[in-house]
Amino acid sequence: MIIRFVGFGGQGIVLSSYIIGKSAVLDGKRAIQNQSYGSESRGGECRGDVIISDEEIYELEPVNQDVLVALTQPGYEKFIPHLKPGGTLIVDKDLVITDEKMEPENIARYAIPATDIAHKKFGRKIIANMVMLGYMNTLLNQVTFESLEKAVLENVPKGTEKLNLDAMREGIELAKQESAR
Amino acid sequence: MGFNEDRKRYLAGLEDKTYFMLGDEACAYGAIFAGCDFFAGYPITPASEVAERLAEELPKAGGLCIQMEDELASMAAIVGASWTGGRSMTATSGPGFSLMQENIGYAIMTETPCVLVDVQRSGPSTGQATKPAQGDMMQARWGTHGDHNIIALSPNSAQECFDMMQECFNLADTYRTPVILLMDGEIGHIRESVTMPALSSIKPAARKMAKPGEDVFGGEELVPGITHYGMGQNVHVTGSTHKANGMRDVTTPHVHEALVKRIYNKIDDNREKIIRVEKDISQNGQSKIGVIAYGATARPSLGAVRAARDDGKNIDFMRLITIWPFARKQVAEFAKNLDMILVPEMNLGQISREIERFVNCKVVSVPKIGGVPHTVEEIYDAITEVAS
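Line by line, the protein sequences give chains W and U. With the numbering used here, the residue at position 27 of the first sequence is 27, and numbering never jumps. With the numbering used here, the residue at position 74 of the second sequence is 255, and numbering never jumps.
Read the hints as simulated data drawn from the structure, not as lab findings. Possibly wrong hints are sitting among the right ones.
For lysine-lysine, the following DSSO-like pairs were computed, each having C-alpha atoms within a straight-line distance of at most 30 Å [as the list claims (entries may be wrong)]:
1. U:LYS442 x U:LYS454
2. U:LYS494 x W:LYS84
3. U:LYS389 x U:LYS442
4. U:LYS198 x W:LYS29
5. W:LYS158 x U:LYS198
6. U:LYS389 x W:LYS162
7. U:LYS469 x U:LYS392
8. U:LYS312 x U:LYS384
9. W:LYS78 x U:LYS549
10. W:LYS29 x U:LYS454
11. U:LYS447 x U:LYS494
12. U:LYS460 x W:LYS29
13. U:LYS384 x U:LYS469
14. W:LYS120 x W:LYS176
15. W:LYS150 x U:LYS510
16. U:LYS241 x U:LYS389
17. U:LYS392 x U:LYS312
18. W:LYS78 x U:LYS312
19. W:LYS162 x W:LYS176
20. W:LYS176 x W:LYS125
21. U:LYS189 x W:LYS158
22. U:LYS454 x U:LYS312
23. W:LYS84 x U:LYS549
24. U:LYS241 x W:LYS150
25. U:LYS460 x U:LYS389
26. U:LYS189 x U:LYS312
27. U:LYS392 x U:LYS460
28. U:LYS494 x U:LYS389
29. W:LYS121 x W:LYS101
30. W:LYS158 x U:LYS241
31. W:LYS150 x U:LYS469
32. U:LYS494 x U:LYS510
33. U:LYS460 x U:LYS517
34. W:LYS84 x U:LYS447
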């Protein structure tokens with residue numbers, strides 16, 4: 001399973017891929033996390049990739065991904081051609097306008113107001129990535145929630161643990177409603 | 182050398198656990214487990230995380246970390262630190278590695294144990310600063326002038342970055358020579374699981390010490406005992422040609438010949454003890470095609486070999502773990518029944534030409550530059566093209 005997170009620096013893109021990778025390792029799976037970002041610490045294009053497997057991982061930088069999580073329009077436009085046909089696309093619906101003409105065949109498309117929820121419900125746009133993480137993992141069931149929580153707790157700034165976990169649980173609930181529909 | 186109380190206390194908090202970290206970070210922790218006492222370096226992508234992590238962690242373990250003014254000074258500092266009895270290291274990438282070459286020669290000539298980490302990036306010059314490459318394979322071998330030998334190892338995972346730091350320091354102390362961990366930016370910058378061992382399993386090699394009054398730069402053995410500053414022995418340490426007692430003699434032909442040949446031979450004569458390769462041979466032994474790779478490239482290479490086998494092709498695989506001294510005997514043996522060897526590498530064929538020198542079969546370079554590693558498919562296609 002190859003998952004790509006894209007967005008701007010400052011949205012927690014690299015952290016999201018790190019947390020998924022770390023959770024997979026905690027689950028006893030193999031994982032590789034990889035990233036690319038500009039020299040700016042905030043605002044530049046940013047991507048975080050994670051590969052999860054039960055077997056040895058040979059491909060270090062796969063060209064195509066199974067899942068694309070996009071938090072910005074340029075990120076979506078640049079990387080959507082690399083989503084595998086039949087793959088899964090998750091976007092922040094207030095930040096990304098999708099265009100079917102650009103998309104590979106038979107993909108599953110999900111659009112959620114992650115940043116809006118983070119802002120309105122928690123007063124912190126910066127935790128939109130946690131909403132996304134919870135949502136994505138509930139849809140795809142890649143890592144156990146036990147490990148995911150552990151990885152979040154270990155890697156978010158001290159004092160923000162509850163905030164981040166609550167945001168993640170909000171994403172989980174959203175995905176449960178989605179699948180109930 | 183060895184572990185003081187600070188180090189033991191620090192390592193007790195880390196040992197026997199699994200982490201998810203960068204190859205660069207694994208290298209830094211591997212150094213602390215290996216008993217590294219001193220780091221001097223200058224930041225450079227994609228090696229900076231080695232220095233960053235050591236700056237944070239090494240002092241907690243009772244070591245010292247200094248950011249120097251440049252790479253020339255960094256290399257000089259680790260040579261000096263080694264003569265005080267510490268295990269010393271630096272970390273850099275291509276442009277910095279170029280600047281270190283003169284003092285690498287000095288470390289070779291003065292027989293100073295020390296470890297250099299070169300996290301290779303795309304060159305020449307500043308090149309693609311943030312992109313990985315394997316372009317320093319020959320620079321590691323011949324970057325400094327004059328006749329010499331060098332030891333260089335190439336890890337293909339974050340775990341090996343950790344493990345090989347112990348091996349590098351042990352080789353450096355055993356052979357009294359600089360040792361290079363020839364990483365690539367790909368392995369340095371991926372995160373993977375890394376398991377740190379139990380402290381009790383770490384066995385640092387001890388340096389052979391010269392007896393009081395004994396010559397530090399010669400004698401019967403290929404590797405003479407060393408002495409350290411402050412131990413009471415007056416020793417002259419010079420990069421100029423010197424006699425067994427360290428004093429300069431830059432005009433007598435046999436003095437130079439004896440010194441340089443011994444320094445050369447102490448690695449050459451021990452090559453079979455130093456060299457490590459890993460083989461994955463087709464079960465039926467019918468292969469006519471082989472693949473040789475190292476570092477990051479070994480990963481997609483092995484994936485391609487296994488995929489080709491799944492398709493019914495017989496392909497043999499070998500990974501060079503030790504790059505220098507070159508595994509010429511192992512490569513020749515691997516090639517014995519093959520018609521052709523493919524060599525994928527992230528340069529324009531540096532090691533493929535080295536392989537060519539020691540085999541009778543055809544050697545096909547599968548080069549890739551530009552900052553993106555080979556994919557399994559690219560190497561698979563290269564195999565099917567020659568296998569059909």
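Hints versus structure:
1. U:LYS442 x U:LYS454: 19 Å, holds
2. U:LYS494 x W:LYS84: 28 Å, holds
3. U:LYS389 x U:LYS442: 20 Å, holds
4. U:LYS198 x W:LYS29: With Cα atoms ~15 Å apart, LYS198 (chain U) and LYS29 (chain W) stay inside 30 Å; holds.
5. W:LYS158 x U:LYS198: Roughly 23 Å between the alpha carbons, so the hint for LYS158 (chain W) and LYS198 (chain U) holds.
6. U:LYS389 x W:LYS162: Not satisfied, since the Cα-Cα distance of roughly 55 Å exceeds 30 Å.
7. U:LYS469 x U:LYS392: 54 Å, violated
8. U:LYS312 x U:LYS384: 35 Å, violated
9. W:LYS78 x U:LYS549: It holds: about 23 Å lies between the C-alpha atoms, which stays within 30 Å.
10. W:LYS29 x U:LYS454: Violated: LYS29 (chain W) and LYS454 (chain U) sit about 35 Å apart, past 30 Å.
11. U:LYS447 x U:LYS494: Judged against 30 Å, a Cα distance of about 42 Å means the pair is violated.
12. U:LYS460 x W:LYS29: With a Cα-Cα distance of about 25 Å, the restraint between LYS460 (chain U) and LYS29 (chain W) holds, given a limit of 30 Å.
13. U:LYS384 x U:LYS469: At roughly 41 Å apart (the allowed maximum being 30 Å), LYS469 (chain U) and LYS384 (chain U) break the hint.
14. W:LYS120 x W:LYS176: Holds, at about 20 Å.
15. W:LYS150 x U:LYS510: Outside the cut-off at roughly 49 Å; violated.
16. U:LYS241 x U:LYS389: 28 Å, holds
17. U:LYS392 x U:LYS312: Not satisfied, since the Cα-Cα distance of roughly 48 Å exceeds 30 Å.
18. W:LYS78 x U:LYS312: This hinted pair holds, its Cα atoms lying about 19 Å apart.
19. W:LYS162 x W:LYS176: Holds. LYS162 (chain W) to LYS176 (chain W) sits at ~21 Å (cutoff 30 Å).
20. W:LYS176 x W:LYS125: 22 Å, holds
21. U:LYS189 x W:LYS158: With Cα atoms ~28 Å apart, LYS189 (chain U) and LYS158 (chain W) stay inside 30 Å; holds.
22. U:LYS454 x U:LYS312: 34 Å, violated
23. W:LYS84 x U:LYS549: 24 Å, holds
24. U:LYS241 x W:LYS150: 26 Å, holds
25. U:LYS460 x U:LYS389: 33 Å, violated
26. U:LYS189 x U:LYS312: With a Cα-Cα distance of about 37 Å, the restraint between LYS189 (chain U) and LYS312 (chain U) is violated, given a limit of 30 Å.
27. U:LYS392 x U:LYS460: It is violated: about 42 Å lies between the C-alpha atoms, which goes past 30 Å.
28. U:LYS494 x U:LYS389: Violated, at about 50 Å.
29. W:LYS121 x W:LYS101: It is violated: about 34 Å lies between the C-alpha atoms, which goes past 30 Å.
30. W:LYS158 x U:LYS241: 22 Å, holds
31. W:LYS150 x U:LYS469: Given pair LYS150 (chain W), LYS469 (chain U) is violated - Cα atoms ~50 Å apart, limit 30 Å.
32. U:LYS494 x U:LYS510: Given that 30 Å is the threshold and the Cα spacing comes to 26 Å, the pair holds.
33. U:LYS460 x U:LYS517: 14 Å, holds
34. W:LYS84 x U:LYS447: Violated, because 54 Å separates the two Cα atoms, which is more than 30 Å.
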